Amino acid sequence: AQSVSQHNHHVILSEAASLELGCNYSYGGTVNLFWYVQYPGQHLQLLLKYFSGDPLVKGIKGFEAEFIKSKFSFNLRKPSVQWSDTAEYFCAVKGNNRLAFGKGNQVVVIP
Amino acid sequence: GAGVSQSPSNKVTEKGKDVELRCDPISGHTALYWYRQSLGQGLEFLIYFQGNSAPDKSGLPSDRFSAERTGGSVSTLTIQRTQQEDSAVYLCASSFQGGNSGNTIYFGEGSWLTVV
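Top to bottom, those sequences are chains Y and G.
Sequential numbering of the first sequence, starting at 1, is according to my numbering.
Sequential numbering of the second sequence, starting at 1, is according to my numbering.
Just so you know, not all the hints are guaranteed correct.
Claimed, not checked - So the derived list for chain Y, only partly shown, Cβ under 8 Å to chain G, looks like this:
1. 39
2. 43
3. 44
4. 46
5. 49
6. 71
7. 97
8. 98
9. 99
10. 101
11. 104
Unchecked claim - Only part of the chain G face toward chain Y is listed, based on derived beta-carbon distances under 10 Å:
12. 13
13. 44
14. 51
To be verified - Mimicking BS3-like on lysine-lysine, the simulated pairs with C-alpha atoms at most 30 Å apart in a straight line are:
15. Y:71 with Y:58
16. G:11 with Y:61
17. Y:61 with Y:71
18. Y:78 with Y:103
19. G:57 with G:17
20. Y:103 with G:15
21. Y:78 with Y:61
22. Y:49 with G:15
23. Y:103 with G:11
24. Y:71 with Y:103
25. Y:49 with Y:78
26. Y:103 with Y:49
Worth flagging that the hints you see were computed from the coordinates, not collected in a lab.
Please read all numbers here as calculations on a predicted model, not as lab measurements.
All C-beta atoms in this analysis are idealised placements derived from N, C-alpha and C, irrespective of residue type, glycine included.
Assemble the whole structure, with the sequences as input and the hints as a guide.
Following this line, the structure appears as structure tokens:
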């Protein structure tokens, strides 16, 4: 079965700082990887996804992620965060007909 | 509809009662998923429906949990004899195609269940 590990569950940073969230996965099949975001009081929304091609994936709101096969990683980055990026971020790997999620990163951006 | 629709958005029930949660997926989506989101447990897979195929029920935590999908569209998740540990947000999601495709899975806003 697939699994996802996310580190640094709570992240606090100031506006304009850079953000990087780590994600490591375990799955033996073809890899489809996702980052979802959940803003306070809202539902899960897709930030970006990778399933083939260029390992550097660009998503909405200035986010990007890089798939590194040799490291089983799919880290999320944003060069300069805004207060509105305060949210919980979930990495997920698809396999066996389902998404397996990590525990999430709670990110708080201080104005 | 424009997105995955779930009802009720909030439900408070007494321990031991049965509850039904409804999901209306995005029109044309053949794959439908139920997840549970609770503090400390993250997002747990419950069940997956794909078209008219037999559902993958491997994530259901006990035999008190069941789900149906009628006509390949609307789904109902039923929890019988609710327990306090069933308190969570129950999320429904759908996608155009299931399996291990790269199709995006879209989530509803969830049904917040509180068992008192």
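Here is how each hint holds up against the structure:
no.: 1; hint: 39; result: violated (12 Å)
no.: 2; hint: 43; result: holds (4 Å)
no.: 3; hint: 44; result: holds (4 Å)
no.: 4; hint: 46; result: holds (5 Å)
no.: 5; hint: 49; result: holds (6 Å)
no.: 6; hint: 71; result: violated (21 Å)
no.: 7; hint: 97; result: holds (5 Å)
no.: 8; hint: 98; result: holds (5 Å)
no.: 9; hint: 99; result: holds (6 Å)
no.: 10; hint: 101; result: holds (4 Å)
no.: 11; hint: 104; result: holds (6 Å)
no.: 12; hint: 13; result: violated (22 Å)
no.: 13; hint: 44; result: holds (8 Å)
no.: 14; hint: 51; result: violated (12 Å)
no.: 15; hint: Y:71 with Y:58; result: holds (20 Å)
no.: 16; hint: G:11 with Y:61; result: violated (33 Å)
no.: 17; hint: Y:61 with Y:71; result: holds (26 Å)
no.: 18; hint: Y:78 with Y:103; result: holds (20 Å)
no.: 19; hint: G:57 with G:17; result: holds (22 Å)
no.: 20; hint: Y:103 with G:15; result: holds (28 Å)
no.: 21; hint: Y:78 with Y:61; result: holds (9 Å)
no.: 22; hint: Y:49 with G:15; result: violated (40 Å)
no.: 23; hint: Y:103 with G:11; result: holds (25 Å)
no.: 24; hint: Y:71 with Y:103; result: holds (19 Å)
no.: 25; hint: Y:49 with Y:78; result: holds (15 Å)
no.: 26; hint: Y:103 with Y:49; result: holds (18 Å)
Going down the numbered hints, you'll see the structure goes against 1, 6, 12, 14, 16, 22, while the others check out.
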